[in-house]
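Heads up: the sequence shown begins at 1 in UniProt numbering, then just goes up one per residue.
Bear in mind the hints are in silico, worked out from the structure with no lab data behind them. This one's a predicted model, so the numbers in the text were calculated from it and none came from an experiment. Take the hints with a grain of salt, since some may be wrong.
[Claimed, not checked] With a Cα cut of at most 35 Å, we get these calculated DSBU-like pairs of lysine-lysine: (1) Lys305 to Lys323; (2) Lys12 to Lys305; (3) Lys305 to Lys154; (4) Lys600 to Lys323; (5) Lys305 to Lys289; (6) Lys43 to Lys12; (7) Lys592 to Lys289; (8) Lys305 to Lys110; (9) Lys43 to Lys154; (10) Lys323 to Lys58; (11) Lys398 to Lys592; (12) Lys398 to Lys61; (13) Lys323 to Lys289; (14) Lys600 to Lys400; (15) Lys154 to Lys110; (16) Lys154 to Lys12; (17) Lys305 to Lys6; (18) Lys61 to Lys6.
[Unchecked claim] Restraint ranges, calculated between C-beta atoms of paired labels, are given here: (19) Pro111 to Ser297: 23 to 33 Å; (20) Thr138 to Glu432: 41 to 51 Å; (21) Asp17 to Glu432: 50 to 60 Å; (22) Glu630 to Asp17: 47 to 57 Å; (23) Gly112 to Ser297: 29 to 39 Å; (24) Val572 to Asp489: 20 to 30 Å.
We put the beta carbon where it would ideally sit given N, CA and C, even for glycine.
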Amino acid sequence: MSTVDKQLEDVKATIDDEVPPRISVSDVTYEGPELVIYTRDPKEFAANSDLVRRLASKLRKRITVRPDPDVLTPPAEAEEAIRNLIPEEAGVVDLNFHADTGEVVVQAQKPGVVIGRRGETLRDITQEVGWTPEVVRTPPIESSTVDNVRNFLKQEREDRRDILERVGRQIHREPMSDDEYVRITTLGCCREVGRAAFILSTPDTRILVDCGSKPGSNGDQPYLDIPEAFGAGTNGIDAVVLTHAHLDHSALVPLLFEYGYDGPIYCTEPTRDLMGLLTLDYLDTAADKGRTPPYDSEMVREAIKHTIPLEYGDVTDIAPDIKLTLHNAGHVLGSSVCHFHVGDGLYNVAFSGDIHYDDTRLFDGAVNDFPRVETLVLESTYGGRNDYQTDQEDSERKLKQIVQNAYDRDGKVLIPTAAAGQSQELMLVLEEAMREGDIPEMPVHLDGMIWEATAVHTTYPEYLRDGLQDRIFDEDRNPFLADQFNHIDGGDAEREEIADGDSCIVLSPSGMLTGGPALSWLEQLGPDPDSTIALVGYQSQGTLGNRIQRGIDEVPVGASGRSETVPLEMTVETVDGFSGHADRQGLENFVKTMNPRPEKILCVHGDESATQDLSSSLYHGQNIRTFAPENLETFRFR
Numbered sequence: 001m002s003t004v005d006k007q008l009e010d011v012k013a014t015i016d017d018e019v020p021p022r023i024s025v026s027d028v029t030y031e032g033p034e035l036v037i038y039t040r041d042p043k044e045f046a047a048n049s050d051l052v053r054r055l056a057s058k059l060r061k062r063i064t065v066r067p068d069p070d071v072l073t074p075p076a077e078a079e080e081a082i083r084n085l086i087p088e089e090a091g092v093v094d095l096n097f098h099a100d101t102g103e104v105v106v107q108a109q110k111p112g113v114v115i116g117r118r119g120e121t122l123r124d125i126t127q128e129v130g131w132t133p134e135v136v137r138t139p140p141i142e143s144s145t146v147d148n149v150r151n152f153l154k155q156e157r158e159d160r161r162d163i164l165e166r167v168g169r170q171i172h173r174e175p176m177s178d179d180e181y182v183r184i185t186t187l188g189c190c191r192e193v194g195r196a197a198f199i200l201s202t203p204d205t206r207i208l209v210d211c212g213s214k215p216g217s218n219g220d221q222p223y224l225d226i227p228e229a230f231g232a233g234t235n236g237i238d239a240v241v242l243t244h245a246h247l248d249h250s251a252l253v254p255l256l257f258e259y260g261y262d263g264p265i266y267c268t269e270p271t272r273d274l275m276g277l278l279t280l281d282y283l284d285t286a287a288d289k290g291r292t293p294p295y296d297s298e299m300v301r302e303a304i305k306h307t308i309p310l311e312y313g314d315v316t317d318i319a320p321d322i323k324l325t326l327h328n329a330g331h332v333l334g335s336s337v338c339h340f341h342v343g344d345g346l347y348n349v350a351f352s353g354d355i356h357y358d359d360t361r362l363f364d365g366a367v368n369d370f371p372r373v374e375t376l377v378l379e380s381t382y383g384g385r386n387d388y389q390t391d392q393e394d395s396e397r398k399l400k401q402i403v404q405n406a407y408d409r410d411g412k413v414l415i416p417t418a419a420a421g422q423s424q425e426l427m428l429v430l431e432e433a434m435r436e437g438d439i440p441e442m443p444v445h446l447d448g449m450i451w452e453a454t455a456v457h458t459t460y461p462e463y464l465r466d467g468l469q470d471r472i473f474d475e476d477r478n479p480f481l482a483d484q485f486n487h488i489d490g491g492d493a494e495r496e497e498i499a500d501g502d503s504c505i506v507l508s509p510s511g512m513l514t515g516g517p518a519l520s521w522l523e524q525l526g527p528d529p530d531s532t533i534a535l536v537g538y539q540s541q542g543t544l545g546n547r548i549q550r551g552i553d554e555v556p557v558g559a560s561g562r563s564e565t566v567p568l569e570m571t572v573e574t575v576d577g578f579s580g581h582a583d584r585q586g587l588e589n590f591v592k593t594m595n596p597r598p599e600k601i602l603c604v605h606g607d608e609s610a611t612q613d614l615s616s617s618l619y620h621g622q623n624i625r626t627f628a629p630e631n632l633e634t635f636r637f638r
């Protein structure tokens, strides 16, 4: 008998001791980080609301209770009973029954109404029909990405359950080593922006944190072939943790499955969906540029199938000696500060990912309050000594003036922007400015993936600020449904028509002008001196956006990006307050107010001067040991 099987026997014995005799427990198994209890008496479990909580506390596990399939009410009868139990105002759209797990997925416009006060309605459903309800939200804006992900996972439930059981046994295996150490190896994004990738390792476990591409490069990848990663064989990595979905952190996660990786990916649910959206577009962009993509769409589906979504604040076992907790990073939908608790109180490491310290229109600022943190791995994108951005109000005022000036010249404003996060922030600013009369009403054209990314945002309003959540739920007040927003779906023909038309604003990926429809807009509008290009995000060295910022007077256009050029006569403006990254002051404040104070900080994800400047500032100003590592360095902390 394996150690995991013996452990499950002991767990079942403990459960049998705690559960009243009238409740039978037929099986106990691990599925990913959760302990799943199968019972022939689901209604009794549901009636005893404190029982699961008691068991979770005693066993120190996340617990899910599932009914044996042969005790379930037939779906037709169950559906009628469930609809009678759920208040009509919940807006139930669909019910999907899954006999293999005893779950019924309830899709509703108002999940909170389905859940009921303290989960009362969910318990009532299980007591009445035996099925375990899972509630998902009907998006206010239909998202093909969300629909495709949910349908795919529905089709792959059997394979996914096998994956979860295998992952569960791996998580709960016995530690093999008596040694104790914690190491971080840098595989990318040190003294550079992009290709984020780190290995967090202990004697028993290796965790890969992020696996991204480098903007503006010709396929630079993290150093995945070294012994600490995949050079020693595909069994070297136990889990992948993804801080957020932007391509400089996620683009090469599907590539891992080409290497033979077959383990879990941990992130928030919106990060999973956005990763699918952005990586598929990454493949299309590579093909458009004549490059061979590093993986195919099947690997994107594998990544989605292997993803185990976590919610902010949930402490989750991801290895025998590592617990993971995700916290809001304030950067993009679902972005996370990832906190790792290693061993039985041995050591704690937090990876900031990309953070925004202050609140924005979309998100609350990054969380920096933890039970313990000895080492912080901190982004340094705007860590340079002069990297102070204007505050949000000044940035919005400048953007509105840029729009007004272009309008007065009968020109247009092109805003290259990230499809996820920054675009939605700009949409909120422009919608309010037009509604309140600060700028003239005019069309705001949304190109590329922006509309789809916006639909994903409205699917997960719980990740947005409270006031915005309320507006999204109200169809008449939903800012993303304002009349001025137009989703471009007619390709170059529609773009040409818009370019020849009246004043307007165009939001278009990519934000650094490394690809996407923004290049087509440059070809259309670049020679127009009445129009303006507003650069609102970080422009990494080597990107076209950075070169435009530095004053080039012609830009490459055409399918290859090099075949011909057009003069750049539009006005070039930089508005630096819309970045999803904290500026130098925000990074210093994040550390200064962090609780507890870290002992060591690794400054990463910034160019060489930014990481070194921030490292020096934090060392002298906060009296903390700091480092500005290079790629392929390893730090041992215990």
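Checked hints:
1. Taking the CA atoms of Lys305 and Lys323, the gap is near 22 Å; set against the 35 Å cutoff, the hint holds.
2. A distance of roughly 29 Å separates the Cα atoms of Lys12 and Lys305; the hinted pair therefore holds under the 35 Å criterion.
3. Straight-line distance between C-alpha atoms of Lys305 and Lys154 comes to about 10 Å, which keeps the hinted pair within the 35 Å bound.
4. Proposed proximity of Lys600 and Lys323 is supported: the alpha carbons are some 20 Å apart, at most 35 Å.
5. For the given pair, Lys305 sits about 29 Å from Lys289 by alpha-carbon distance, which is consistent with the 35 Å threshold.
6. For the proposed pair Lys43 and Lys12, the alpha carbon gap of about 19 Å is at most 35 Å, so the pair holds.
7. Proposed proximity of Lys592 and Lys289 is contradicted: the alpha carbons are some 44 Å apart, above 35 Å.
8. With a CA separation close to 27 Å, the supplied pair Lys305 and Lys110 stays within the 35 Å bound.
9. For the given pair, Lys43 sits about 25 Å from Lys154 by alpha-carbon distance, which is consistent with the 35 Å threshold.
10. For the suggested pair Lys323 and Lys58, the alpha carbons sit about 17 Å apart, so the restraint of at most 35 Å is met.
11. For the hint pairing Lys398 with Lys592, the CA-to-CA distance comes to about 30 Å; that is within 35 Å, so the pair holds.
12. Between the alpha carbons of Lys398 and Lys61 the distance comes to roughly 51 Å, so the proposed pair goes past 35 Å and is violated.
13. At roughly 41 Å between alpha-carbon atoms, Lys323 and Lys289 are farther apart than 35 Å, so this suggested pair is violated.
14. Pair hint Lys600 plus Lys400 does not hold up; C-alpha atoms about 42 Å apart against a cutoff of 35 Å.
15. Of the pairs offered as hints, the one joining Lys154 and Lys110 holds, with about 22 Å between alpha carbons and a cut-off of 35 Å not exceeded.
16. Under the criterion of a C-alpha separation no larger than 35 Å, the hint pairing Lys154 with Lys12 is consistent with the structure, at around 29 Å.
17. Straight-line distance between C-alpha atoms of Lys305 and Lys6 comes to about 29 Å, which keeps the hinted pair within the 35 Å bound.
18. Between Lys61 and Lys6 the CA atoms are separated by roughly 16 Å; this keeps the pair inside 35 Å, and the hint holds.
19. Between Pro111 and Ser297 the beta carbon distance is about 30 Å. The supplied range of 23 to 33 Å therefore holds.
20. Taken as a hint, the range 41 to 51 Å is violated for the pair Thr138 and Glu432, whose Cβ atoms sit roughly 26 Å apart.
21. Separated by about 59 Å at the C-beta atoms, Asp17 and Glu432 satisfy the suggested range of 50 to 60 Å.
22. Under the hint 47 to 57 Å, the C-beta atoms of Glu630 and Asp17, about 55 Å apart, fit the expected range.
23. Restraint check, Gly112 to Ser297: a C-beta distance of roughly 35 Å satisfies the suggested window 29 to 39 Å.
24. For Val572 paired with Asp489, a C-beta distance near 29 Å keeps the hint of 20 to 30 Å intact.
This entry does not satisfy hints 7, 12, 13, 14, 20, going by the numbered hints stated previously.
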